[in-house]
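Residue numbers (the working numbering), protein chains in the order written: chain G, 44 to 446; chain R, 25 to 321.
Worth double-checking, as some hints may not be accurate.
What follows is a list of derived Cβ distance ranges for each label pair [to be verified]:
id, chain 1, residue 1, chain 2, residue 2, range
1, R, 71, G, 432, 30 to 40 angstroms
2, R, 219, G, 270, 30 to 40 angstroms
3, G, 46, R, 258, 33 to 43 angstroms
4, R, 259, G, 135, 49 to 59 angstroms
5, R, 212, G, 208, 39 to 49 angstroms
6, R, 257, G, 155, 54 to 64 angstroms
7, G, 384, R, 212, 28 to 38 angstroms
8, R, 125, G, 46, 30 to 40 angstroms
By construction, these hints were calculated from the structure, which means they are not laboratory data.
Note that beta-carbon positions come from the ideal geometry of N, C-alpha and C, so glycine has one too.
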Amino acid sequence: MSEGIYLDNNATTMVDPKVVDAMMPYFTEQFGNPSSMHSFGDKVGRALKQARKQIQQLIGAEHDSEIVFTSCGTESDSTAILSALKAQPDRKKIITTNVEHPAVLALCDYLKKEGYKIHHLHVDEKGRLDLEEYEELLDSRTAVVSVMWANNETGTIFPVEKMAEMAHEKGVMFHTDAVQAVGKIPIDLKATKIDLLSISGHKLHAPKGIGVLYLRRGTRFRPLLRGGHQERGRRAGTENTASIVGLGKAAELALESIEHENTFVKSLRDRLEKGILEAIPNCFVTGDPDNRLPNTCNIAFEYIEGESILLMINKMGIAASSGSACTSGSLEPSHVMRAMDIPYTAAHGSVRFSLSRYNTLAEIDKVIEVMPAIVANLRKMSPYWGENGPVENPEEAFAPVYN
Amino acid sequence: MWDYSDTLKEHFFEPRNAGAIEDANAVGDVGSISCGDALRLTLKVNPETEVIEQAGFQTFGCGSAIASSSALTEIIKGKTVDEALTVSNQDIADFLDGMPPEKMHCSVMGREALQAAVANFRGEEWSDDHEEGALICKCFAIDAVMIEETVRANELRTVEEVTNYTKAGGGCSSCHEGIEEILTQVWAEKGEAIDFSQPSQPVTQPKPYAMTGFQRMKKIETTIEAIRPQLQRDHGDIELVDIDGRTIYVNMLGACKGCQLEAQTLAGVQQQLMEALGEFIKVVPASMRPQAEGAAS
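Please construct the entire structure, taking both the sequences and the accompanying hints into account.
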């Protein structure tokens with residue numbers, strides 16, 4: 044494990060050393076093209092088959108042919124949504140949520156310009172969906188529903204299994220972006236009505252640049268990339284063999300440690316959250332604490348800004364991320380925080396801590412130890428903060444001329 | 025992660041003049057709510073001499089917002105109010121050894137805070153007329169509002185024209201889709217559709233020199249003079265070296281020299297010269313000028 048305390052596992056994860064070991068031969072002696080007729084290719088072909096099985100087991104797919112390898116979660120999302128539109132040209136409507144990952148949101152914005160009708164489901168102050176709103180929107184003009192399984196910023200879990208059933212009853216295809224959920228919570232797709240599901244390798248200790256689209260047998264499909272027979276013609280292009288083998292291994296390890304994730308990792312997360320909330324005034328958990336991923340905790344620190352917090356903790360070797368405008372690179376405050384109606388003064392100060400099975404108790408205690416001074420230090424500089432707490436009526440006491 | 029200079033980081037971790045000045049007689053509150061940066065500047069100004077004796081800041085914001093607040097207070101202390109008002113956001117960024125363009129756009133509130141504080145000192149009401157939109161061109165930090173207004177005011181129709189007027193899109197060109205969207209939207213409001221697939225109209229038809237040699241030379245000189253302030257704003261400059269038929273030799277100076285965007289800048293200069301002269305010319309660096317025979321190489 045590299046130096047520092049890494050609590051940004053919803054952004055990306057360390058590649059498990061066992062995954063690296065499994066991959067290595069496929070960079071060197073096992074260089075064959077799995078499509079080839081000779082033994083060089085044959086061995087690699089067998090390795091891909093095994094990887095497909097490993098992923099099938101992790102997500103409880105009925106058939107291993109339902110696993111389609113892609114280059115990333117974003118490709119899986121695009122493939123799923125565009126396929127649903129191409130396969131059903133008379134259906135011009137998409138239902139999604141306003142807290143999706145940009146991989147879905149930005150694609151939908153683009154499709155809107157192309158003439159599609161996009162419905163964004165709203166969330167309440169805890170980031171929960173209103174299933175009645177959803178029920179009313181489902182109709183025969185809807186091409187696809189795309190709803191994330193778990194939110195990347197808050198960890199809030201959406202009832203996608205129920206939502207897929209509701210879609211199924213109305214004859215509507217259901218896609219879920221499950222990049223944050225797969226490997227963290229148990230999933231058994233054969234028991235659901237989910238048609239399409241996206242996985243990203245680097246969120247579960249496999250390398251970057253590999254993803255999966257789960258495609259339920261019988262779901263009408265139109266490929267995004269044509270040009271070869273790979274993945275049974277559903278995703279052309281020579282396979283990223285080493286990464287596929289790596290993702291297979293990572294899936295096997297994730298399945299082995301899923302209980303650990305939901306007991307030990309969860310207890311670390313709870314300890315961190317409790318420790319911070321007890322030691323620091325004016326901060327609160329965002330999202331739905333009763334229904335979220337075991338590894339994620341998102342805390343909004345009022346009256347200070349997230350990037351400042353991140354720079355400060357980075358200096359202490361602690362890595363996390365924030366929903367503030369400044370950290371996104373896009374200069375927009377987090378759409379997830381805004382969707383939950385979190386006030387600006389708190390939304391900009393939201394910090395996400397996302398753990399993995401590699402974190403230790405000592406690391407968590409270190410974070411709990413350093414956070415209070417960092418927050419206090421920044422608050423001392425904040426115009427919203429007085430001697431011993433927020434100034435009276437902070438929003439009125441400091442109401443700058445905004446441009 | 026942002027590419028922050030060491031000086032900037034130092035001003036963030038060890039900010040100068042943090043906190044409010046107790047008996048301040050000038051207070052300026054400004055901010056940008058969507059970017060999440062806000063600043064209260066408190067000054068103690070000598071009413072006789074109008075010298076800023078003390079300056080303090082309270083900032084809600086990111087690393088560069090805090091560092092630029094710290095820099096601002098350091099720069100203006102000891103200056104008269106009028107001197108301080110000449111401090112630009114670029115001066116603050118320079119003081120911190122530069123800043124990412126996205127950050128220049130949203131977190132440097134120094135100039136506005138100063139104006140607000142001075143207005144407060146003089147008992148005036150200050151309102152910010154500056155409107156910010158989504159950042160479109162990251163190379164030159166040009167936002168949507170600026171592009172929209174320029175398109176409207178000058179009836180621009182092509183990305184190329186937008187680049188000539190605002191610089192937006194003159195760098196890496198990845199924002200051209202965004203610029204096309206703005207053009208489409210502005211013209212749609214006027215009930216016109218723009219077809220970007222049509223090649224833009226040729227700027228000029230090639231034709232023989234329309235002016236006398238002397239007039240032409242003058243024209244080239246004045247055109248280049250008119251371009252210089254733009255370049256100087258970015259700490260660069262340009263110098264006319266020679267005119268040889270349709271080839272014009274120039275020297276790029278200051279920040280322009282060796283700048284990654286030198287080729288684009290030269291192309292922009294060439295474009296403006298062609299428009300001014302009404303003929304095809306080529307602008308090339310003086311270093312490419314053929315050496316005189318026998319000259320030392």
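How the hints compare with the structure:
no. : hint                                : in the structure
1   : 71(R) x 432(G): 30 to 40 angstroms  : holds (34 angstroms)
2   : 219(R) x 270(G): 30 to 40 angstroms : holds (31 angstroms)
3   : 46(G) x 258(R): 33 to 43 angstroms  : holds (40 angstroms)
4   : 259(R) x 135(G): 49 to 59 angstroms : holds (52 angstroms)
5   : 212(R) x 208(G): 39 to 49 angstroms : holds (42 angstroms)
6   : 257(R) x 155(G): 54 to 64 angstroms : violated (38 angstroms)
7   : 384(G) x 212(R): 28 to 38 angstroms : holds (32 angstroms)
8   : 125(R) x 46(G): 30 to 40 angstroms  : holds (32 angstroms)
When held up to the earlier numbered hints, the structure conflicts with hint 6 and nothing else.
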